[in-house]
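Based on the sequences and whatever the hints tell you, model everything.
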Amino acid sequence: MNRGLLAGLLVAAAVIVQITVVNRLPMPWGVAPDLVVLTVVAVALRTSAVAGALSGFVAGLAVDVAPPADHELGRYALVLCLAGYLVGLLREPLSSSWRWPYGVAAAAITGVSLGYALVGVVLGDPRISLAAVASILPVSVIMTMIVSPLVIAPVSWVMRSLVPDDLITVGDVSWASGRNRL
Numbered sequence: 001m002n003r004g005l006l007a008g009l010l011v012a013a014a015v016i017v018q019i020t021v022v023n024r025l026p027m028p029w030g031v032a033p034d035l036v037v038l039t040v041v042a043v044a045l046r047t048s049a050v051a052g053a054l055s056g057f058v059a060g061l062a063v064d065v066a067p068p069a070d071h072e073l074g075r076y077a078l079v080l081c082l083a084g085y086l087v088g089l090l091r092e093p094l095s096s097s098w099r100w101p102y103g104v105a106a107a108a109i110t111g112v113s114l115g116y117a118l119v120g121v122v123l124g125d126p127r128i129s130l131a132a133v134a135s136i137l138p139v140s141v142i143m144t145m146i147v148s149p150l151v152i153a154p155v156s157w158v159m160r161s162l163v164p165d166d167l168i169t170v171g172d173v174s175w176a177s178g179r180n181r182l
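Numbering-wise (this note's numbering), the sequence shown opens with residue 1 and increments by one.
Hints may be right or wrong, so weigh each one.
[Unchecked claim] So the derived label-pair ranges between C-beta atoms look like this: (1) Asn2 x Arg24: 15 to 21 Å; (2) Leu137 x Leu73: 21 to 27 Å; (3) Gly4 x Arg99: 23 to 29 Å; (4) Leu123 x Asn23: 17 to 23 Å; (5) Met145 x Ala12: 32 to 38 Å; (6) Ala107 x Ala131: 22 to 28 Å; (7) Trp98 x His71: 32 to 38 Å; (8) Asn2 x Asp125: 22 to 28 Å; (9) Leu118 x Val65: 19 to 25 Å; (10) Arg24 x Met145: 35 to 41 Å; (11) Val21 x Val139: 17 to 23 Å; (12) Trp157 x Asp125: 36 to 42 Å; (13) Asn2 x Ala131: 45 to 51 Å; (14) Ala131 x Pro28: 15 to 21 Å.
Hints listed in this document are in silico derivations from the structure and should not be mistaken for laboratory results.
A virtual CB, placed ideally from N, CA and C, is assigned to each residue, including glycine.
Dropping the structure here:
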């Protein structure tokens, strides 16, 4: 299966579940876990920085236009695009431990939340204050990290199982190491 098509399907599924199910559940402190960020992180770790940025942009734009959107169009798309790109640069090393994706996810959730707040401040959103960010950020990270094994592990498994890793086969040829010039 094509890696881009699979990433698009996974991101679309995450957006649909986030909007139709998770955001409607009564959660403590009014903060729901962010499945979209977790999916973008898992896709970016299994693909590349460009694929992470593209999946982050598409997912963010879908969340931006989905009702009830109460913020500026493109705000979440900008932040998720940047997060997907940066996570893609941290592509999962071959010898990494099982904790690697979860540490990256925690950093990404924190960065997305702070980035979203920063863009809101720049655009003049009156609902954003330091007290609001300080109270919501830890709850958002904790709530999202609680469900992270339910998203990151399956998405990584699907990406690994259905799409062969092209970089491993390219890395084994003599010209890929830079020793031989063409």
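Hints versus structure:
Under the hint 15 to 21 Å, the C-beta atoms of Asn2 and Arg24, about 32 Å apart, miss the expected range. Range check, Leu137 to Leu73: about 24 Å between beta-carbon atoms, so the 21 to 27 Å window is met. Checked against the hint of 23 to 29 Å, the C-beta distance between Gly4 and Arg99 comes to roughly 28 Å, which is consistent with it. At roughly 22 Å, the beta carbons of Leu123 and Asn23 sit within the given window of 17 to 23 Å.
Taking 32 to 38 Å as the suggested C-beta distance range, the pair Met145 and Ala12 does not conform, at roughly 23 Å. Ala107 and Ala131 have their C-beta atoms about 23 Å apart, which keeps the hinted 22 to 28 Å range intact. Between Trp98 and His71, the C-beta spacing of about 35 Å keeps the proposed range 32 to 38 Å intact. Here the CB-CB span from Asn2 to Asp125 is close to 38 Å, at odds with the stated 22 to 28 Å.
About 21 Å separates the C-beta atoms of Leu118 and Val65, a value consistent with the hinted range of 19 to 25 Å. Between Arg24 and Met145 the Cβ separation comes to about 21 Å, which falls outside the hinted range of 35 to 41 Å. Separation of Val21 from Val139 is about 19 Å and conforms to the stated range, judged on CB atoms against 17 to 23 Å. For the pair Trp157 and Asp125, the supplied restraint of 36 to 42 Å holds, since their beta-carbon distance comes to about 38 Å.
Roughly 46 Å separates the CB atoms of Asn2 and Ala131, a value that falls within the hinted 45 to 51 Å. About 19 Å separates the C-beta atoms of Ala131 and Pro28, a value consistent with the hinted range of 15 to 21 Å.
Hint compliance for this structure: hints 1, 5, 8 and 10 are broken, all remaining hints hold.
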